[in-house]
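A.B. asks: The residues making up each chain are set out below.
Protein chains: 2
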Amino acid sequence: MGIVVQKYGGSSLADADAIKRVARRIVEVKKSGHDVVVAVSAMGDTTDDLVDLATGVSPLPPAREMDMLLTAGERISMALVAMAISDLGFTARSFTGSQAGVITDSVHGKAKIIDVTPGRITQAIGEGHIVIVAGFQGVSADTKEITTLGRGGTDTTAVALAAALEADVCEIYTDVDGVFTADPRIVPSARKLDHVSYEEMLELAACGAKILHLRCVEYGRRYGIPIHVRSSFSQLEGTRVVNTPARPDQSSAPSEEVTMEQPIIAGVAHDRSEAKITVVGVPDKVGEAARIFEALADAQINLDMIVQNISAAATSLTDISFTLPRTDGQTAMTALARIQAEVGYDKLLYDDKIGKVSLIGAGMRSHPGITSKFFGALASAGVNIGMISTSEIRISVIVDENAVDDAVRATHTAFDLDADEVEAVVYGGTGR
Amino acid sequence: MGIVVQKYGGSSLADADAIKRVARRIVEVKKSGHDVVVAVSAMGDTTDDLVDLATGVSPLPPAREMDMLLTAGERISMALVAMAISDLGFTARSFTGSQAGVITDSVHGKAKIIDVTPGRITQAIGEGHIVIVAGFQGVSADTKEITTLGRGGTDTTAVALAAALEADVCEIYTDVDGVFTADPRIVPSARKLDHVSYEEMLELAACGAKILHLRCVEYGRRYGIPIHVRSSFSQLEGTRVVNTPARPDQSSAPSEEVTMEQPIIAGVAHDRSEAKITVVGVPDKVGEAARIFEALADAQINLDMIVQNISAAATSLTDISFTLPRTDGQTAMTALARIQAEVGYDKLLYDDKIGKVSLIGAGMRSHPGITSKFFGALASAGVNIGMISTSEIRISVIVDENAVDDAVRATHTAFDLDADEVEAVVYGGTGR
Numbered sequence: 001m002g003i004v005v006q007k008y009g010g011s012s013l014a015d016a017d018a019i020k021r022v023a024r025r026i027v028e029v030k031k032s033g034h035d036v037v038v039a040v041s042a043m044g045d046t047t048d049d050l051v052d053l054a055t056g057v058s059p060l061p062p063a064r065e066m067d068m069l070l071t072a073g074e075r076i077s078m079a080l081v082a083m084a085i086s087d088l089g090f091t092a093r094s095f096t097g098s099q100a101g102v103i104t105d106s107v108h109g110k111a112k113i114i115d116v117t118p119g120r121i122t123q124a125i126g127e128g129h130i131v132i133v134a135g136f137q138g139v140s141a142d143t144k145e146i147t148t149l150g151r152g153g154t155d156t157t158a159v160a161l162a163a164a165l166e167a168d169v170c171e172i173y174t175d176v177d178g179v180f181t182a183d184p185r186i187v188p189s190a191r192k193l194d195h196v197s198y199e200e201m202l203e204l205a206a207c208g209a210k211i212l213h214l215r216c217v218e219y220g221r222r223y224g225i226p227i228h229v230r231s232s233f234s235q236l237e238g239t240r241v242v243n244t245p246a247r248p249d250q251s252s253a254p255s256e257e258v259t260m261e262q263p264i265i266a267g268v269a270h271d272r273s274e275a276k277i278t279v280v281g282v283p284d285k286v287g288e289a290a291r292i293f294e295a296l297a298d299a300q301i302n303l304d305m306i307v308q309n310i311s312a313a314a315t316s317l318t319d320i321s322f323t324l325p326r327t328d329g330q331t332a333m334t335a336l337a338r339i340q341a342e343v344g345y346d347k348l349l350y351d352d353k354i355g356k357v358s359l360i361g362a363g364m365r366s367h368p369g370i371t372s373k374f375f376g377a378l379a380s381a382g383v384n385i386g387m388i389s390t391s392e393i394r395i396s397v398i399v400d401e402n403a404v405d406d407a408v409r410a411t412h413t414a415f416d417l418d419a420d421e422v423e424a425v426v427y428g429g430t431g432r
Numbered sequence: 001m002g003i004v005v006q007k008y009g010g011s012s013l014a015d016a017d018a019i020k021r022v023a024r025r026i027v028e029v030k031k032s033g034h035d036v037v038v039a040v041s042a043m044g045d046t047t048d049d050l051v052d053l054a055t056g057v058s059p060l061p062p063a064r065e066m067d068m069l070l071t072a073g074e075r076i077s078m079a080l081v082a083m084a085i086s087d088l089g090f091t092a093r094s095f096t097g098s099q100a101g102v103i104t105d106s107v108h109g110k111a112k113i114i115d116v117t118p119g120r121i122t123q124a125i126g127e128g129h130i131v132i133v134a135g136f137q138g139v140s141a142d143t144k145e146i147t148t149l150g151r152g153g154t155d156t157t158a159v160a161l162a163a164a165l166e167a168d169v170c171e172i173y174t175d176v177d178g179v180f181t182a183d184p185r186i187v188p189s190a191r192k193l194d195h196v197s198y199e200e201m202l203e204l205a206a207c208g209a210k211i212l213h214l215r216c217v218e219y220g221r222r223y224g225i226p227i228h229v230r231s232s233f234s235q236l237e238g239t240r241v242v243n244t245p246a247r248p249d250q251s252s253a254p255s256e257e258v259t260m261e262q263p264i265i266a267g268v269a270h271d272r273s274e275a276k277i278t279v280v281g282v283p284d285k286v287g288e289a290a291r292i293f294e295a296l297a298d299a300q301i302n303l304d305m306i307v308q309n310i311s312a313a314a315t316s317l318t319d320i321s322f323t324l325p326r327t328d329g330q331t332a333m334t335a336l337a338r339i340q341a342e343v344g345y346d347k348l349l350y351d352d353k354i355g356k357v358s359l360i361g362a363g364m365r366s367h368p369g370i371t372s373k374f375f376g377a378l379a380s381a382g383v384n385i386g387m388i389s390t391s392e393i394r395i396s397v398i399v400d401e402n403a404v405d406d407a408v409r410a411t412h413t414a415f416d417l418d419a420d421e422v423e424a425v426v427y428g429g430t431g432r
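Chains as they are written, first to last, in full-length UniProt numbering: chain G, 1 to 432; chain W, 1 to 432.
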């Protein structure tokens, strides 16, 4: 009877009734003989409301104070969950990120966890309490300041606690039944995956599936924490993120951790949050491309796909295209404009009417022909491919924004991912 | 140029505009060359909203979690005040009670401050920052749990900080202009006091004036902190609480700290929050009264006035009456009913249609005839006196609830407290 770590997002804690339902679920696990540690997000729209309050007093609030403000959200929800548990006759102790020993670096607004020292948690567990921890927050190692972990932070808190406590499992409760082969709003016949590997989940998260945050999956993989993504609104089994599931062409015997679905492909992800910038007419000399990417790095911009065309022999000029988050578009264009004279490029093109469609599966590693089947499906659906990027277990293409749905559906069908029956689910992102 | 400590209550921080106004006021003091440390309450109705949330999930929430919940209120307001200050081009650092070094005992919901270790505050001051501290909250010395100080807590936080930082003054900002000779809603001609002594202020607070909390005044007296009660909605001088002001019949030379008003009487306070219990027919033997008050003490009930009649010689029975907060009425009646057989009293009477009117002034110590003038004024106004209690600088009477206003007005006039002109103010309580 080990420790179970659970995470509940804002949509699972929207109001008093939701909080009571979560408390009953927590108590059930405690009754079954496990110790329970729960990471919670802020209730429903609390974070948005707090951000509105901040912008009401200052257009550009200091990051330190923004963290101080936002961390009030989990403080409220964790105390309420503890109260609801107490009302069921069990005892609970809530702890802030700082009290729970979530130690971070000191980058306000997007701090990274560098250690977890869960002394107060283990003491409370030892005393028989259920432990509720504020997600999304920590305290900086050097300055002892309150920090927040940024988007998906509570998922990361949960997995980090599971690692520090050597928990049996980290259950991520959300408002959908698990991880699907595609967004069911686009592909009604999408199937829920029973198992998915860490690396597949990483690629899915990186390619636009909002169900689990990248950092949470990375943390889980590094420490080997089984993650179970499931709905707080049902008792159904969700999706278990585990070590690389055995493939049909591998000889290992199936175990409980091994998926029996034998998928070559885990799913089709899509992302409409990126934009594409093309730097036209870059002199094809050593160091020019480096100068461009240095300028973008200095502006703290994370690039995704990068393509450089072969230079036209007559001119010795080349074009460099890359994709980046739309929210960084303006910053990137400004940074590049500043170095135009120095680099001597011709002009900049900006396109945010694009979408990315990604095919992901650990099985594609050993299966030739995946790429041609993928591109064939897109061609049959009349979808034009803009840029291409691949990894060992992923192929991504940039297409026209309006072609994303067609591309996802055609790919999903081409790889036999469609379920026999359509499941009625709503696919949505988790809060923080 | 020393340190100025300020306190702003919830009504001064009701919304974004109010917070910006408070920030401007804080910055003015900083500009004048002082270091500024500010204790803030939760915004407007935040605390009530949080209490509603709690009762929504549990009818009897654990005190520890209630403290965890309520402390989110000041966390929000302090971050917003710091942001608003930053928007004015100054830097501010907000600190929770725990970060600010407000060390308390471990009684959740009504913790007492036992020490203040303001290391982070003095460091922030040294770095040139304005410091904003969450009022009403602290951290327990032994268990390191988050605690709240109970009613009036932020006033107490402010004075405790002023003492620890050896501040020049502790300014308590509220929604009225200061301390008045009576509640202006009852006595429109009530005057604002320019000065009042700690002991007078203590009696006023204990007798129903809600402008400053008792514990705050006690703290101020013990450490000799000048307290300035004033309005956050005007630039007027308020009321300064100082050491005993010189009286006209004393020979000390007037100084800045000495009031020139020469009042024998500081004011008339009233309180409608008490009830009266009479234990009828108590056997007049040694130990019977002690047993009654022991039972009440065991039930954690604070008594105010106590009267025991002379026993009727024929029966050797006596009646014992006392007043207590109405909110404790039910508990007290239950505790007394439980010992009826043991004590052998006849019956219990409960009356919550009473009010207390108190005449307060350090000058009455050396002035005979105050009592007779007070009682004469009440008699002329047709007010019947129920119970009487006195201290060195106070006379209190219990009257019929409906006679309170008449009693206050008659007393105010009899002691020449009426102002020539009526000031337009609203007299209200401070939040917490």
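In case anyone wonders, no lab produced these hints; they're calculated from the structure. Computed from a predicted structure; not experimentally measured. It cannot be assumed that every hint is accurate.
Each pair may be met inside one copy or between any two copies, as identical chains are not told apart.
List time: in silico DSS-like cross-link candidates among lysine-lysine, alpha-carbon distance up to 27 Å [claimed, not checked]:
| hint | residue 1 | residue 2 |
| --- | --- | --- |
| 1 | K144 | K30 |
| 2 | K285 | K373 |
| 3 | K112 | K210 |
| 4 | K192 | K353 |
| 5 | K112 | K347 |
| 6 | K112 | K144 |
| 7 | K112 | K30 |
| 8 | K20 | K30 |
| 9 | K144 | K373 |
| 10 | K373 | K110 |
| 11 | K353 | K373 |
| 12 | K20 | K31 |
| 13 | K285 | K31 |
| 14 | K210 | K353 |
| 15 | K210 | K347 |
A.B. asks: Can you list which hints this structure breaks, lowest number first?
C.D. replies: Numbers 2, 4, 5, 7, 9, 10, 13, 15, in rising order.
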